[in-house]
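Engineer: Input sequences plus hints: build the corresponding full structure.
Going down the list, the sequences are from chains V and G. As numbered in the numbering used here, residues 57 to 315 make up the first sequence, in order. As numbered in the numbering used here, residues 57 to 315 make up the second sequence, in order.
Partner residues are not named here, just some residues of chain G that face chain V (Cβ under 8 Å, in silico): (1) A126; (2) F128; (3) V154; (4) A157; (5) R179.
Hint data in this document are derived by calculation from the structure and do not stem from the laboratory. Quick caveat, the model's predicted, so the values are computed rather than measured. By construction, the Cβ of each residue, glycine as well, lies at the ideal position given by its N, Cα and C atoms.
2 protein chains.
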Amino acid sequence: MEILKLGGSVVTKKDLPKTPNTEAIKRLASEVALAGPRRLVIVHGGGSYGHPLAKEYDIAAGYSSPRQLAGFSMTHQTMVELNGIVVEALLDAGIPAVSIAPSSFIVTEDRRIVDADFSIVSRALDSNMVPVLYGDAVLDSARKFTILSGDQLAARLATELGATRVIFGVDVDGVFTANPKLVKEAKLIEELSLSKMRGMVRIGEALSTDVTGGMLGKINEAGAAAEVGIEVQLVNALKPGVVNAALRGDKVPCTWLRR
Amino acid sequence: MEILKLGGSVVTKKDLPKTPNTEAIKRLASEVALAGPRRLVIVHGGGSYGHPLAKEYDIAAGYSSPRQLAGFSMTHQTMVELNGIVVEALLDAGIPAVSIAPSSFIVTEDRRIVDADFSIVSRALDSNMVPVLYGDAVLDSARKFTILSGDQLAARLATELGATRVIFGVDVDGVFTANPKLVKEAKLIEELSLSKMRGMVRIGEALSTDVTGGMLGKINEAGAAAEVGIEVQLVNALKPGVVNAALRGDKVPCTWLRR
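Structural biologist: Given below as structure tokens:
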């Protein structure tokens, strides 16, 4: 079983309010379809759907005021809307995609999935469906609610369901030595060991800066899957053909995260 | 804790394809808001959203052909869309409504909820939210998938969460001695005992006809809640003010289902 995580910067236009990247979504749906039937779970991020509302109502921090309750609900609803667009594109491409709402079955403990029952996802897989989940506003046992990132969810699904590989589709080729959007000399790191990754995370935390341009949180979550021997691959899902090639097992520009 | 079930004939225009009864939804949202804050779960039916797709793909019967997989997903997605309209109206009325997707946490066994974990619903209630669920296409351990009616779900939520009352909001005043839409002399049954109700269900099954005009399935499900001493009330949710009065505990034309 494999997991394909599609970042919020892939399925939405991050700089425009609540704007799906319809072209990318449709193209990726057909790339997945062309790769042939397989046991696959798709997880997508929030981008310009979930993020602005989550930020406005400070949902990730947890409960502090009654007005957040509506904000919690609206954050979920906007993700449901984006998810509907993704699921419809997958169905149109002939993939038996089925939406599963994380907040309807996952309760985090202080922002982390500690003990969740993922059997609904395996059951959908067993029925030859392709479950589609997403980063979501979820109930939390310590904070009443919080934000569960699609990255944490994808890594956790991978370890819980025994995935062989998790592909993180992002808007760059992988992890670079510097932010490739800012630094021309930035070089793609083709293989990143967990220990080296953790060093980068520590430096990032110490300096309160993310040299990779926003990739540290993601690879830190992905590390949990790499840790138990699951192949973790970061690829550029905005470049046509890359996700299809990766699914087929062909070589693409990417970063492999290794134990 | 109380449960308000709003029928598909209330929240949609059943004779028009995929048409919400926006006026009724908005009015009911404000009737609930005006009744004041309370521990309340709302469940709604499918009407012209869920039913046509469920029928076209024969989802209730369970799996027989791969083409049903997309139909299963589309049936769920159309319910998600209707649910989004209901939740938005409730939020607009100031109710901290939160959508919970039945298919993301309930697996039926041969069309019945046998053993489900409803803790996500109680947790939302404990956080002062108003959970909003709906009749849904769900995974089934015997048939791969089926349709879970909002009526079965409402009755089961009531018994599992220890509700004091379930109000079924329908498009007539309650259970009549005959179909009130066809028979002028039909009289409202103000109190219906479980044993009398079961007699009506038996006669209905024997004659393959529902003398009440489609109410037998509903009261049969509702019976499970009445059985354990929960108050079950059928009221006309299309008559302005009735749901509000019922929530406040005022007398309205209705049928009480009694043990």
